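A.B. asks: Listed here are the chains, written in short residue letters.
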Amino acid sequence: MASIAAPTTAAYASGENENTGIWSWITTVDHKRIGTLYLWTALFFFLVGGFEAVLIRTQLMRPNMGFVSAETYNQLFTMHGTTMVFLAIMPLSAAFFNYLIPLQIGARDVAFPRLNAFSYWVYLLGGIFITLPILFKLAPNGGWFGYAPLTTNRFSPGPNIDFWVLGLQILGISSLAAAFNFITTIINMRAPGMSLMRMPMFTWMSFVVQFLVVLAFPPITIALFFLLMDRFFGTTFYAIAAGADPLLWQHLFWVFGHPEVYILILPAFGLVSEVLPTFSKKPLFGYNVMVYSGIMIGFLGFGVWAHHMFAVGMGAVADSIFSLMTMLIGIPTGVKIFNWIATMWSGEIRFTVPMKFAIALIALFTIGGISGVMHSSPPADLQQTDTYFVVAHFHYVLFGGSIRGIFAGISFYYPKMTGRHLDESLGNWHFWLNFIGMNLTFFPMHFSGLLGMSRRIYTYDAGQGWDLFNMMATWGTYLLVVATAIFVWNFVRSRTRGAIAGNDPWGGATLEWSIPSPPPEYNFAQIPEVTSRYPLWDLKAPEKTAGIDHSHADAMTITDAHAVPVHEETERHTAKELGIPMPYPTVKPLVVAFSMVVMFCGLLFLRNGMFAVAMTITIGGGAAMVAGLYSWLTAPLE
Amino acid sequence: MSAHTTAAGHDDGHVHHHYTTTGLDNRKIAIWAFIGSECMLFASLIATYLIYKGRSIVGPFPHTEYVNEAGQIFKPILDIPVTSASTFVLLMSSLFMVLALQAVQIKHLPLPDGAGWWTRAQRSSQLWLFMTASFGAIFLMFQAYEFTAFVHEGLTVKTNLFGSTFFTLTGFHGAHVTAGVLWLTSLLWIDRTRGLGPQDELIVDIAALYWHFVDVIWIVIFTLVYLIQ
Amino acid sequence: MTGDPSVAHDTKHAHAHPSGATYLKVAAILTIITVVEVWAYYIPALVASPLFNPSLIILSAAKFLIVVLFYMHLKYDHKLFKVLFTGPLIIAGATIVALLFLFHQLKISF
Ligand code: HEM
Ligand SMILES: [Cu+2]
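Residue numbers (the working numbering), protein chains in the order written: chain C, 1 to 638; chain H, 1 to 229; chain D, 1 to 110.
Keep in mind that the hints are not guaranteed to be accurate.
To be verified - A few chain H residues facing chain D, derived, Cβ under 10 Å:
no., residue
1, Gly36
2, Ile46
3, Thr48
4, Leu101
5, Glu146
6, Thr148
7, Ile219
Unchecked claim - Result set (PhoX-like, lysine-lysine): computed pairs, CA atoms no more than 25 Å apart in a straight line:
no., chain 1, residue 1, chain 2, residue 2
8, C, Lys544, C, Lys281
9, H, Lys107, D, Lys82
10, D, Lys25, D, Lys82
11, H, Lys158, H, Lys75
12, H, Lys75, H, Lys53
13, H, Lys107, D, Lys25
14, C, Lys588, C, Lys576
15, H, Lys53, D, Lys107
To be clear, the hints were calculated from the coordinates, so they are not data collected in a lab.
As the structure is a prediction and not an experimental result, all values here were calculated from the model.
Built from N, CA and C at the ideal position, the CB exists for glycine as well.
Take these sequences, add in the hints, and give me the full structure.
C.D. replies: This is how it looks when you write it as structure tokens:
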């Protein structure tokens, strides 16, 4: 119905008036384009990870299946976890960080546009680096947690783990660079009047996540570096014969690993916190408490890591402390759930697709949260750990939570990003099939887990009471394939066929809805001066926001910002016409990213004793990186 | 966060005139966030070193003698006098660094009449940048000497847990020093070609913050690795 | 370069950073502490004392603090930087201590 578009918008939706050649994408430093690149790339990897899951589930459909070999199975489940965590969910969140944070805080770009491009290229190249080996059956096979000493040379002599160690090292650099960028952006690029306590909830949760990245990635960087040293240079960090402690890796990994799970969920929490108020036509309930609970979750998240290790015999004192901390962290998490429900309470609810995904997140995340609190008790956890019960837990929080939040975000922001709506009825099909498929897949795992089915086994014997549950899970997975196919079709098709969306298709409250869809390169022709948490509702439905703070206090001291009151921008210009300086496009971030990845690739050759080759490539890559960096840093930004 | 600080920010003319929320420069916020992250990086390294302290099965050991099965004697391997000297060198480089920053800040002020050599020297950012970078380089030479000596005495990264953790921890620090020396040398180069003035305070400041942080890490390493037994 | 040595510049930095004399004093204090530490290392009686390790750690923490406050001028700078540094530092310190307990390198004895 929507193929007849208003001419101007259609022209923009199809990109006629902008420079859209491939080179313009390679050299872009525009946060919106980088966000789009993240989105497409991460969706691609999401499909790759999903395909691996289908193979896994097919192998487990019946007892004693021979669909894949044990070795292939190990590679599949390792790459499934690694792909979903590092190549799908984190970068999907990054897509939203990139696209939304500057728009939500009223900025024209991120603090360091070129560093932003660098983060993306490192992610892309790192993703390719770690994914390619599976085509040669050489993929990492030690689990997404890569427990050493299992992953040391002694027990994993092939090159498989090398790809994992180096790949994660590369991907970590991407996340860290992005985190410094967003911390600076959020602290320093806010429009006048946008005080911290007026920031949209998505920006807030992203802010917390950046600190988690900055503090959680160093420990895994070090743990991986030790492993790299052990594998390539014969150090003894994980060599039990030399007196090493087999728990060293586990501790360092989980010091990273638990904050990591919040890195995966908090952006989704932020997204649904945007969706729920919009479709309930009510301000978010308990904004302040939502902020503080987000910070609490982030902070406490560093004190619970050993709940992943209750079975290793840490002793009663340590077990008790970590158990207590884990139960504590359930509180701020629960607070969020109640606040979302209170937000919807007596609101004028519209059941759009994003709203359905958001509500489903509340329901399914709660189930995962409850099983989480169940294994926060060490005696209970001893029954559950390393069984499918834990698999059920983390898929409820990750698939039920993170992924659902991301789908809520995609369907909510698609009109902003493309200027067109996703198809509502296809969206509904996607939602319902996904919802049913997800529960059919993962709910039965609670039972098979409690009946003793271990994680990570490639097959099992009949007659242990697990057969039915596995069959259900596999069919659920096939349903998810159908749901995902519908989503992909909708996603691709709506770019040209979707109904035209104006500035503000949903009646949103925050700044991103005050500008055209898709936003022009400069975002805001005039930087708005913000006087409340819901600037657009102040404009369009002031009765909704009468009860909140509207002071000008700190907004008025700024004189050089040229800010104007919050307004809607409907016209579209180029930055040049408006005289807004924009950063130059540049290929240098890609050059530096590429040389850095080459540098890491060199190390792969150490395995075959090709010391000279390895050093040549590594030093060559390193030198090219430094040279590229110099040329980048000495070139003016705009 | 208040916006009242605009006036105290680095608005020394012609650099960039971008508005920022806090009035601070983006790069300075980023370097502090980076330093925060580095705390966690070195915390992981230091924790590992301490976890494995005293757990090596064979020597050489840091503070005690070791006799192997063949009756070969390995002296305590750490060389405290040499490392004390290199520690002092790094400390002094931090002093030179602050003097370099100060020179950049005040070099445009007119010299008072009859200014002595010290007042004059205080305005020479080239002198202090050069001193900082060279003392950084001297520290690295000490480290190179130490590493070679250890290898000769039979301690490599492969020998035992102490060797693995010691070389990795101090090597990571050394790599940071190396990056710092490169950074400072680049600043020195800029100073020589176009002259650093008050408008460049920020780029010197962030290099200085990095440099002092690397020094601070060494302060911790020196105590935990070399002095404590 | 501005070529305009305005008074404004001068007063601004006078408040923003300590003076050259302070820098020299700080260097002297750091050197003295280092000398004391190394000296203590060579006195067997001191090394044998149960207070040796804690004292050394306190001394090095003092040096750490002095460099951060004066040379990194955190004392004189925007409070945002204090937050950006102290937060991670606390988490890093707590993680080290927790790990040392978990690996029995530190023990609580009753
Ligand atoms: C209510 C809050 C939560 C609690 C109390 C909790 C508790 C736990 C506990 C105790 C375990 C260890 C189980 C075992 O291995 O025996 C665990 C595992 C796990 N949790 Fe949670 N969790 C919570 C929320 C989350 C969230 C939000 C996520 C991610 C978005 C998540 C992801 C995971 C993952 C991935 C694992 C398994 C890791 C592995 O062994 O490979 N959890 N959780
Ligand atoms: Cu956890």
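A.B. asks: Determine for every hint whether it applies to the structure shown.
C.D. replies: A quick look at each hint next to the structure:
1. At a threshold of 10 Å, the smallest CB-CB gap from glycine 36 of chain H to chain D is about 3 Å, leaving the interface hint in force.
2. Given hint, isoleucine 46 of chain H at the interface with chain D, holds; its Cβ is 6 Å from that chain's nearest Cβ, closer than 10 Å.
3. The beta carbon of threonine 48 of chain H is positioned within 10 Å of a beta carbon in chain D (closest approach about 8 Å), and the interface hint is therefore held.
4. Given the 10 Å rule on beta carbons, the hint for leucine 101 of chain H holds: about 8 Å separates it from the nearest Cβ of chain D.
5. At a threshold of 10 Å, the smallest CB-CB gap from glutamate 146 of chain H to chain D is about 16 Å, leaving the interface hint violated.
6. Look at threonine 148 of chain H: its Cβ only gets to about 23 Å from chain D, farther than 10 Å, so that hint breaks.
7. The beta carbon of isoleucine 219 of chain H is positioned within 10 Å of a beta carbon in chain D (closest approach about 5 Å), and the interface hint is therefore held.
8. Between the alpha carbons of lysine 544 of chain C and lysine 281 of chain C the distance comes to roughly 8 Å, so the proposed pair stays at or under 25 Å and holds.
9. Restraint check for lysine 107 of chain H and lysine 82 of chain D: not satisfied, since their Cα atoms lie roughly 28 Å apart, outside the 25 Å limit.
10. Under the criterion of a C-alpha separation no larger than 25 Å, the hint pairing lysine 25 of chain D with lysine 82 of chain D is consistent with the structure, at around 23 Å.
11. For the proposed pair lysine 158 of chain H and lysine 75 of chain H, the alpha carbon gap of about 18 Å is at most 25 Å, so the pair holds.
12. Proximity of lysine 75 of chain H to lysine 53 of chain H is assessed by CA-CA distance (about 17 Å); at most 25 Å being required, the pair is judged to hold.
13. Under the criterion of a C-alpha separation no larger than 25 Å, the hint pairing lysine 107 of chain H with lysine 25 of chain D is consistent with the structure, at around 22 Å.
14. As the CA atoms of lysine 588 of chain C and lysine 576 of chain C are separated by approximately 23 Å, the hinted pair is consistent with the 25 Å bound.
15. As the CA atoms of lysine 53 of chain H and lysine 107 of chain D are separated by approximately 15 Å, the hinted pair is consistent with the 25 Å bound.
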